[in-house]
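Engineer: Residues per chain, in single letters:
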Amino acid sequence: MLKIRNLSKSFGTNQVLKNLNLDIQQGEVVSIIGPSGSGKSTLLRCINYLEEPTSGTIEFEGKIIKNDSEQIKDLRNNVGMVFQEFNLFEMKNVLSNITLAPVLTKKMNKQEAREEANKVLKFVGLKDKIFEMPKNLSGGQKQRVAIARALAMQPKVLLLDEPTSALDPELVQEVLKVIQMLVKKKITMIIVTHQIDFAKEISDRIIFMEDGKIVEEGSPEEILVNPKKKRTKDFINSIL
Amino acid sequence: MNLSLIAAMFPLLLKGLQYTILIALIGIVFGFIIGCLAGFALQGKNKFLKAISYFYIWIIRGTPLIVQALYIYFVLPKLFDISLAITHNGEILVSESVMAGIIAITINSGAFIAEIVRSALESVDKGQWDAGKSLGLSYTQILFHIIIPIALRNITPALFNQFIISVKDTSILTIIVVPEITHQMQNYAITTFKTIPAYTFGALFYLAIISILMIVQKIIERKLKLTSQNSMKRGNSLVKD
Numbered sequence: 001m002l003k004i005r006n007l008s009k010s011f012g013t014n015q016v017l018k019n020l021n022l023d024i025q026q027g028e029v030v031s032i033i034g035p036s037g038s039g040k041s042t043l044l045r046c047i048n049y050l051e052e053p054t055s056g057t058i059e060f061e062g063k064i065i066k067n068d069s070e071q072i073k074d075l076r077n078n079v080g081m082v083f084q085e086f087n088l089f090e091m092k093n094v095l096s097n098i099t100l101a102p103v104l105t106k107k108m109n110k111q112e113a114r115e116e117a118n119k120v121l122k123f124v125g126l127k128d129k130i131f132e133m134p135k136n137l138s139g140g141q142k143q144r145v146a147i148a149r150a151l152a153m154q155p156k157v158l159l160l161d162e163p164t165s166a167l168d169p170e171l172v173q174e175v176l177k178v179i180q181m182l183v184k185k186k187i188t189m190i191i192v193t194h195q196i197d198f199a200k201e202i203s204d205r206i207i208f209m210e211d212g213k214i215v216e217e218g219s220p221e222e223i224l225v226n227p228k229k230k231r232t233k234d235f236i237n238s239i240l
Numbered sequence: 001m002n003l004s005l006i007a008a009m010f011p012l013l014l015k016g017l018q019y020t021i022l023i024a025l026i027g028i029v030f031g032f033i034i035g036c037l038a039g040f041a042l043q044g045k046n047k048f049l050k051a052i053s054y055f056y057i058w059i060i061r062g063t064p065l066i067v068q069a070l071y072i073y074f075v076l077p078k079l080f081d082i083s084l085a086i087t088h089n090g091e092i093l094v095s096e097s098v099m100a101g102i103i104a105i106t107i108n109s110g111a112f113i114a115e116i117v118r119s120a121l122e123s124v125d126k127g128q129w130d131a132g133k134s135l136g137l138s139y140t141q142i143l144f145h146i147i148i149p150i151a152l153r154n155i156t157p158a159l160f161n162q163f164i165i166s167v168k169d170t171s172i173l174t175i176i177v178v179p180e181i182t183h184q185m186q187n188y189a190i191t192t193f194k195t196i197p198a199y200t201f202g203a204l205f206y207l208a209i210i211s212i213l214m215i216v217q218k219i220i221e222r223k224l225k226l227t228s229q230n231s232m233k234r235g236n237s238l239v240k241d
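Protein sequence lines correspond, in order, to chains A and B. According to the numbering used here, the residues represented by the first sequence are 1 to 240, in order. According to the numbering used here, the residues represented by the second sequence are 1 to 241, in order.
Bear in mind the hints are in silico, worked out from the structure with no lab data behind them. Glycine included, each C-beta is placed from N, C-alpha and C at the ideal position. Take the hints with a grain of salt, since some may be wrong.
If you only want the chain B side, here are some residues facing chain A, beta carbon under 8 Å, derived [what the hints assert, rightly or not]:
#1 131
#2 136
#3 137
#4 138
Think about it this way: if two alpha-carbon atoms lie no more than 25 Å apart in a straight line, the pair counts; the simulated DSS-like pairs of lysine-lysine are [said to hold, decoys possible]:
#5 73/A to 126/B
#6 184/A to 122/A
#7 218/B to 135/A
#8 126/B to 135/A
#9 92/A to 223/B
#10 126/B to 92/A
#11 185/A to 122/A
#12 107/A to 73/A
#13 225/B to 135/A
#14 122/A to 110/A
#15 92/A to 225/B
#16 45/B to 73/A
Computed footprint of chain A on chain B, listed as stretches where at least three residues anywhere in the stretch have a Cβ under 8 Å from a Cβ of chain A [what the hints assert, rightly or not]:
#17 123-130
#18 145-156
Input sequences plus hints: build the corresponding full structure.
Structural biologist: Here it is, written out as structure tokens:
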């Protein structure tokens, strides 16, 4: 459902992504691993045009996305994103965080949006926090609200950019549990992560990236247990 | 300083206070509007608007307020052959000097507020924009629903501070005979020769007024810190299920 072709992205003279190709099938869970600075997050941010690709194309559901505000808006309505730093709207309570986009972009009425919010909050186990302000939540709770907010848009693909990297160790598990539940729901996901064990457990496919390129991709077994390329092997060894 | 002097001077100072507050209030309201426009322009992508804003701020910050007031009062009317006074059926509603004072305080505070607005917009975490965009919200939707509420909360203390500065700045307007506090104080001292008590009482009067405003400022700042809890309560009152 997602086809990335010859994607390059440069910031000034610094080329972060180099002619990258990637296909994502519906229902697939793909984890991207690799050293920091390898372009993992930039790749994710290019998929929903938070970063405009320097060259190359993003094709979503058979349609090549042009740099046009309507098309990008439509793409983003279907591709949810969860950020490392949560990025909850700080002046809005949990409910408003979740209902804002459905009401504004899908013209959902307030009552429907509220019911949807209740549903997604129940899913992430935070129904009792519905009127809380973000700053009164723990990191793990914030990230679960952020996931709920993305889910309320009923996205076809969910992008998760290091969803547990900003969390205290004891809060990581509650977020991983929610992601596991998303896997069971067969939601198409692309996850940038450093949690290798977790990636192994949930992924259909793992991609190892370095220096703006995909070095190797394959099943968790292929990449984590029997990597073919030396770079992949070195990386796996360095973090285990 | 004796009671009879206070009794004689107090009504004059109160009359002056009306002008001081009126000019500072109108100045801050219109200064806020100008400041927002200029602040947005500074932050935005339109080079022409940006240049105008920079030019405006450069002129205002590069000249003393007293010169600005003199220029508006003496030069502008001659230059454009207009009267600054607002009249209705031959009756003067706002005198030339008061109008010049309002304009001077407005454009002066506007330039400073522009900088306040710009830095407030810039200080909003980029992640707020990212989150809004990733949900498919448009630039204006993100700006009005997410960014401006944060920026407004952040600039309120600075805005109130600018108001206090403007209140004090109005004292300069005595040079263009605006009947504000300083003007009343000066008049009284000159006509009665009670120099020491008149200026002393006038200064204490300012100190009292500004102190009250500073207390209000503290209360506002404390309220802002409680904002989140308040909105939580507001939310709770909507619980139906």
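Engineer: For each hint, tell me whether it holds in the structure or not.
Structural biologist: Status of the hints after comparison with the structure:
1. 131: holds, 4 Å
2. 136: Cβ of residue 136/B sits 4 Å from chain A, so the hint holds.
3. 137: Result: holds, 6 Å to nearest chain A Cβ.
4. 138: holds, 7 Å
5. 73/A to 126/B: holds, 19 Å
6. 184/A to 122/A: It holds: about 16 Å lies between the C-alpha atoms, which stays within 25 Å.
7. 218/B to 135/A: holds, 22 Å
8. 126/B to 135/A: holds, 17 Å
9. 92/A to 223/B: With a Cα-Cα distance of about 17 Å, the restraint between residue 92/A and residue 223/B holds, given a limit of 25 Å.
10. 126/B to 92/A: Holds, at roughly 16 Å.
11. 185/A to 122/A: Status holds; Cα separation ~15 Å.
12. 107/A to 73/A: Holds, at roughly 14 Å.
13. 225/B to 135/A: Judged against 25 Å, a Cα distance of about 12 Å means the pair holds.
14. 122/A to 110/A: holds, 18 Å
15. 92/A to 225/B: holds, 15 Å
16. 45/B to 73/A: Since the Cα atoms of residue 45/B and residue 73/A sit roughly 21 Å apart, the hinted pair holds (cutoff 25 Å).
17. 123-130: holds (count 4)
18. 145-156: holds (count 5)
Violated hints for the displayed structure: none, as all numbered hints are satisfied.
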